[in-house]
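> Work out the full structure, taking the sequences as your base and the hints as a guide.
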Amino acid sequence: MYSKLASKWSVKKTTLSLFALAIPGLLYLLVNNYLPMFGIFIAFKDIDYSKGLWGSDWVGFKNFEFLFRTNDAFIMTRNTLLYNLAFIVIGTIVSIIMAILLYELKNRLSTKAFQSAILFPNLVSMVIVSYLVYAFLNSDSGLVNLSILRPLGLEEISWYAEPKYWPLILLITYLWKTAGYTTIVYFAFIAGIDKSIYEAAKIDGAGKLRQIRSVTLPLLKPAVILMVLLAIGRIFNSDFGLFYQVPLNSGALYSTTQTIDTYVYRALMQMHDIGMSSAAGFYQSVVGFVLVIAVNKLVKKVDPDNALF
Amino acid sequence: MEIASRGEIIFRRFAFVTMTLISVGMLLPILLMITASFTDEKSLILNGYRFVPDKLSLDAYIYMINQYKVILRAYGVSVLVTVAGTLISLIITTMLAYPMSRRDFKYRNVLAFVVFFTMLFSGGIVPSYMLWTRVFGVTDTYWALILPNLLMPAFHVLLVRNYYQSSIPHDLIESAQIDGAGEFKIFFRIMFPLSVPVVATIGLFMALVYWNDWINALYFISKPKYFGIQNLLIRMMNNIQFLRSSEGSALIGTGAVDLPSTSIRMAMGVVGLLPIMVIFPFTQKYLIKGVVIGAVKG
Amino acid sequence: MRKARKILSLCLTIALSLSVLAACSGNKSSESGNSSSKPEKVVLAYLSFNNIPEDLSDIEQAINDHLRDKINVEVELKLYGPAEYEQRVNLALQSGEQMDLFITYGGFSGYVSRNQLYPLDDLIETYGQDLLAILEKDFGADILKATTMNGKIYGIPVNKGFALPTTFVYDADRLHDLGFTADDINSLEDLPAIFETLKQKSPEVVPFGPINVNPSDTYLLGWLADVYEIDTLTDFSYVGVVFGDSGKVVNLYETEEFRNAVNMMYEWNQKGYLQKDAAATTIPMSELIASGSGFSFMGGYAGKEAGKALSAQMNKNIETKRITEEYFETSSVNSVVWMMNGATKVPEAAMKFLNAFYTDPFVINTLLYGIEGRDYVKVDEHTVSFPEGKTANDVAYTAQLSTGMIGSESLQYQFVGTDWSDVELKLKENKETKRSPYFGFVFDMNDVKAEMSAINNVKNQYVPALVSGSQDPETVLPKFLQALKDAGADRVIQAKQDQLDRWLEQQGN
Chain W
1 MYSKLASKWS
11 VKKTTLSLFA
21 LAIPGLLYLL
31 VNNYLPMFGI
41 FIAFKDIDYS
51 KGLWGSDWVG
61 FKNFEFLFRT
71 NDAFIMTRNT
81 LLYNLAFIVI
91 GTIVSIIMAI
101 LLYELKNRLS
111 TKAFQSAILF
121 PNLVSMVIVS
131 YLVYAFLNSD
141 SGLVNLSILR
151 PLGLEEISWY
161 AEPKYWPLIL
171 LITYLWKTAG
181 YTTIVYFAFI
191 AGIDKSIYEA
201 AKIDGAGKLR
211 QIRSVTLPLL
221 KPAVILMVLL
231 AIGRIFNSDF
241 GLFYQVPLNS
251 GALYSTTQTI
261 DTYVYRALMQ
271 MHDIGMSSAA
281 GFYQSVVGFV
291 LVIAVNKLVK
301 KVDPDNALF
Chain B
1 MEIASRGEII
11 FRRFAFVTMT
21 LISVGMLLPI
31 LLMITASFTD
41 EKSLILNGYR
51 FVPDKLSLDA
61 YIYMINQYKV
71 ILRAYGVSVL
81 VTVAGTLISL
91 IITTMLAYPM
101 SRRDFKYRNV
111 LAFVVFFTML
121 FSGGIVPSYM
131 LWTRVFGVTD
141 TYWALILPNL
151 LMPAFHVLLV
161 RNYYQSSIPH
171 DLIESAQIDG
181 AGEFKIFFRI
191 MFPLSVPVVA
201 TIGLFMALVY
211 WNDWINALYF
221 ISKPKYFGIQ
231 NLLIRMMNNI
241 QFLRSSEGSA
251 LIGTGAVDLP
261 STSIRMAMGV
271 VGLLPIMVIF
281 PFTQKYLIKG
291 VVIGAVKG
Chain Y
1 MRKARKILSL
11 CLTIALSLSV
21 LAACSGNKSS
31 ESGNSSSKPE
41 KVVLAYLSFN
51 NIPEDLSDIE
61 QAINDHLRDK
71 INVEVELKLY
81 GPAEYEQRVN
91 LALQSGEQMD
101 LFITYGGFSG
111 YVSRNQLYPL
121 DDLIETYGQD
131 LLAILEKDFG
141 ADILKATTMN
151 GKIYGIPVNK
161 GFALPTTFVY
171 DADRLHDLGF
181 TADDINSLED
191 LPAIFETLKQ
201 KSPEVVPFGP
211 INVNPSDTYL
221 LGWLADVYEI
231 DTLTDFSYVG
241 VVFGDSGKVV
251 NLYETEEFRN
261 AVNMMYEWNQ
271 KGYLQKDAAA
281 TTIPMSELIA
291 SGSGFSFMGG
301 YAGKEAGKAL
311 SAQMNKNIET
321 KRITEEYFET
331 SSVNSVVWMM
341 NGATKVPEAA
351 MKFLNAFYTD
361 PFVINTLLYG
371 IEGRDYVKVD
381 EHTVSFPEGK
391 TANDVAYTAQ
401 LSTGMIGSES
411 LQYQFVGTDW
421 SDVELKLKEN
431 KETKRSPYFG
441 FVFDMNDVKA
451 EMSAINNVKN
461 QYVPALVSGS
471 QDPETVLPKF
481 LQALKDAGAD
491 RVIQAKQDQL
501 DRWLEQQGN
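Residue numbers (the UniProt record's numbering), protein chains in the order written: chain W, 1 to 309; chain B, 1 to 298; chain Y, 1 to 509.
Hints are computed from structural coordinates only; laboratory data are not their basis. Fair warning: there could be bad hints in the mix.
A few chain W residues that face chain B, going by a derived Cβ cut-off under 7 Å, partial list only [said to hold, decoys possible]:
# : residue
1 : P24
2 : N33
3 : K208
4 : I274
5 : S278
Small disclaimer: the values here were computed from a predicted structure and weren't measured. Where a beta carbon is used, it is the ideal one built from N, C-alpha and C, also for glycine.
And the structure:
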């Protein structure tokens with residue numbers, strides 16, 4: 001009896017002190033993230049400053065209308081989804097391959113050098129990236145037209161007027177800029193894997209590829225699920241710099257470069273209507289939220305250990 | 001490390017060659033940025049960008065040197081904010097992640113959800129702005145550059161949690177508990193030191209977040225005293241874009257605007273990258289070291 | 001999961017109460033009617049294209065020392081760069097910081113329809129008589145019609161030369177090399193002959209290009225508006241304009257005039273007078289000219305001395321030639337407007353300051369050029385320059401490029417190199433330029449917000465390619481018109497027609 005009580009008390013104490021550890025972070029999230037969420041009500045208001053933000057009239061879903069006004073609604077939703085899917089799938093595969101290659105080098109110096117090299121693009125601001133892409137692609141003096149297509153006798157391409165090339169261009173730009181970062185995340189996880197597991201596999205006669213397939217990949221699964229779930233939560237969002245700056249806001253390319261974020265930005269540039277911009281943000285969040293909950297449920301069913309919550 | 005088999009050696013070579021190719025490919029555009037910053041402005045516009053510039057010019061860097069006071073101070077701001085922000089952020093992140101990793105902690109899923117939810121929903125900039133400026137009064141202080149980013153990539157918390165869960169045996173904690181250690185002691189004496197690999201990685205990422213952040217300065221800072229290096233760059237770029245737009249030319253009436261040239265813009269980009277090029281190899285040392293500790297420990 | 005919800009709801013309750021507290025403490029308004037001798041503080045946000053200085057306190061002090069005894073008002077200055085200005089002002093307004101006086105470019109009617117502004121009629125009556133006098137002298141008493149909505153005055157246009165006729169800007173040395181003179185250029189139709197000669201003689205030079213980029217703009221729409229006396233009804237989407245005094249709102253893009261103009265641009269582009277991807281270039285023509293590989297562009301310029309400033313900027317011998325007459329509509333005047341925050345706690349003080357801001361040469365020139373002797377020196381009655389050996393980059397303060405935004409142009413010093421006679425010409429043109437019969441009508445787009453945002457998007461998508469001739473109007477124009485229809489162009493046109501009819505009725509009374 002006595003010992004039962006004691007253990008109950010100690011469990012409680014453990015819980016309390018664990019909770020105490022979490023408090024600074026929780027307080028911060030409360031202030032920085034949860035309090036401002038009440039601003040969401042703005043999405044349902046017709047803002048009239050003489051009445052104040054809260055005092056303005058409720059207008060239901062009227063602020064959401066502009067998102068669905070034209071045929072563009074379909075194009076921008078399609079683009080956002082397809083690009084994000086491509087980024088998630090191809091980005092994950094490329095990063096994992098690079099992380100495994102990095103790990104298998106087993107050479108400190110070259111690992112270090114390669115890590116630096118692939119992480120550098122992540123440090124270049126999107127505005128500079130757009131200048132670099134322009135340096136490669138502009139039709140009058142770009143590197144690709146002048147130094148590659150022309151010497152080869154191929155016809156020069158007016159890149160900024162041809163929407164069909166842009167899915168590939170944006171995918172490459174995206175991978176160039178972000179793959180290094182995710183590679184290092186995966187690399188850190190692989191490096192954390194217990195070496196003795198590999199030794200055991202080796203003793204069992206598993207070759208390198210076999211080891212990767214039956215040790216590295218399964219142990220990476222939690223990390224992959226985490227990263228993919230995160231990406232899915234933002235599937236209706238897009239990197240504004242990538243889709244706005246890099247194509248230079250070229251109207252001819254809208255059919256393949258318009259995403260929800262660029263549409264909203266272009267639409268609101270002249271309007272300064274926080275009701276409408278809150279509505280757009282709310283819409284993106286809700287869809288992302290629903291998708292994540294759904295996917296997490298799925299993960300939980302298949303593989304309960306790796307579900308997010 | 002014992003003798004590697006033939007297959008392993010081949011694989012290692014393959015990995016080396018592939019990574020070399022990828023790395024070179026990734027560095028080429030950066031090389032282009034550097035050469036562009038050394039290229040004569042007129043030949044940039046006339047002949048376009050080349051890896052080997054047809055007419056060298058140091059104009060962009062001379063312009064930078066003339067601005068050295070502004071640039072040095074901006075470096076100072078960026079370094080201060082990066083170091084302070086990264087340290088605070090690491091402590092809060094790991095402290096929050098540890099309870100979430102404990103399978104015997106009842107509320108771990110609640111915590112995970114509370115963290116994760118912040119990545120999906122945000123109230124938009126206006127409420128955040130009101131809160132930080134009117135309740136906390138961060139306008140024109142270093143806090144404005146540090147606070148809003150502390151847990152911004154909230155997924156770092158989840159990364160650390162996953163690391164704790166998958167790479168640190170639960171026995172360790174249990175034996176410490178049997179020895180009578182409290183949770184705080186377990187965390188600071190055992191868990192934190194053991195999480196060096198992941199902390200090194202995340203520290204690096206946090207440092208990048210702080211180093212590359214410009215948006216907070218755009219919202220909260222108007223005194224040039226607090227401009228970091230990215231902020232100088234982005235302000236310059238924004239102003240150029242604005243001046244080239246119809247709004248800009250309508251507002252400016254008549255007057256000659258001295259737009260920084262393309263090569264100056266590229267040079268600014270290089271200046272923003274430079275410290276990382278210099279510091280990165282050193283931080284790498286700790287990153288690798290941490291990774292080795294993590295890997296050897298098992 | 002249920003527990004999670006419980007805890008979440010607890011957190012949310014705490015959060016809610018905290019945020020309510022925060023909101024309350026923010027709204028604590030102190031009654032400002034105290035008539036003590038302590039000067040009231042007014043916050044003014046202006047913008048500068050020059051370096052933003054470390055510290056504005058010496059400028060504030062100079063102005064405050066000058067004004068304190070006269071009007072018992074002190075000003076606090078906020079100075080932002082052009083790219084961040086609008087965002088900073090909007091954040092301040094939305095969050096309720098003190099921000100009493102601010103400026104907009106083209107956003108006037110939006111501020112009115114969101115109810116963000118303070119009506120100025122009574123204040124002007126009491127504190128703004130000098131202001132009225134100078135507006136009347138420089139433009140005419142009707143200028144405030146352009147900033148009147150719903151029967152109230154909500155802003156004061158910057159008082160400057162408003163006539164911006166379409167002007168052809170070119171590299172004069174090159175023109176003379178080709179054997180032409182300025183006299184050969186009198187209309188847009190004269191240009192192809194020159195371009196053709198240029199193409200023959202120096203094929204590597206691009207004859208013509210956009211004045212602005214991102215999105216590209218060749219000023220073709222501005223030219224159309226001048227030539228056909230088009231009133232945009234204060235909406236630069238050009239969907240819903242009125243030709244002359246017809247009183248009928250039409251879609252500019254559906255008109256014969258627009259079709260002919262873009263066909264001409266397409267022909268020019270086909271002949272190589274513009275860069276192939278002029279619609280997406282990031283380099284405005286002025287920079288091509290500066291590098292020696294461009295020849296000309298067009299734009300709207302006030303006065304006739306723009307060539308001097310442009311020459312200095314491009315380091316070339318640039319000349320300008322007007323090719324149209326200006327046609328005044330409301331937005332000619334109300335695109336750059338000073339406004340008062342509707343939530344201001346110091347309306348009287350702000351108005352007193354605004355009065356000085358338009359009529360006191362010391363205030364105007366201190367804001368523009370800084371402190372005499374330190375930041376600028378006087379050359380003669382109307383002209384100033386930087387002190388010996390200084391430039392815009394190393395004086396402690398200058399906002400010398402903000403002349404189009406500060407007070408009254410007729411009280412500003414001119415920077416050395418600009419002739420005073422040009423200011424006199426601008427003022428004369430203010431009086432003489434033909435006014436649209438709908439001058440004073442301001443379109444309120446609040447009812448068609450969703451349509452307007454969709455239309456602007458469609459416009460960005462198609463117009464740059466059309467006005468730079470990069471795509472064939474034959475195929476693009478029908479698509480463009482259909483997309484406009486889908487975006488709700490008809491509703492916008494109808495809304496404008498209704499508002500215009502109502503406005504005309506009121507004017508009749």
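> If a hint holds in the structure, say so; if it doesn't, say that too.
Tested hints:
no.: 1; hint: P24; in the structure: holds (5 Å)
no.: 2; hint: N33; in the structure: holds (4 Å)
no.: 3; hint: K208; in the structure: holds (4 Å)
no.: 4; hint: I274; in the structure: holds (6 Å)
no.: 5; hint: S278; in the structure: holds (5 Å)
Checked against the numbered hints listed earlier, the structure breaks none of them; every hint is satisfied.
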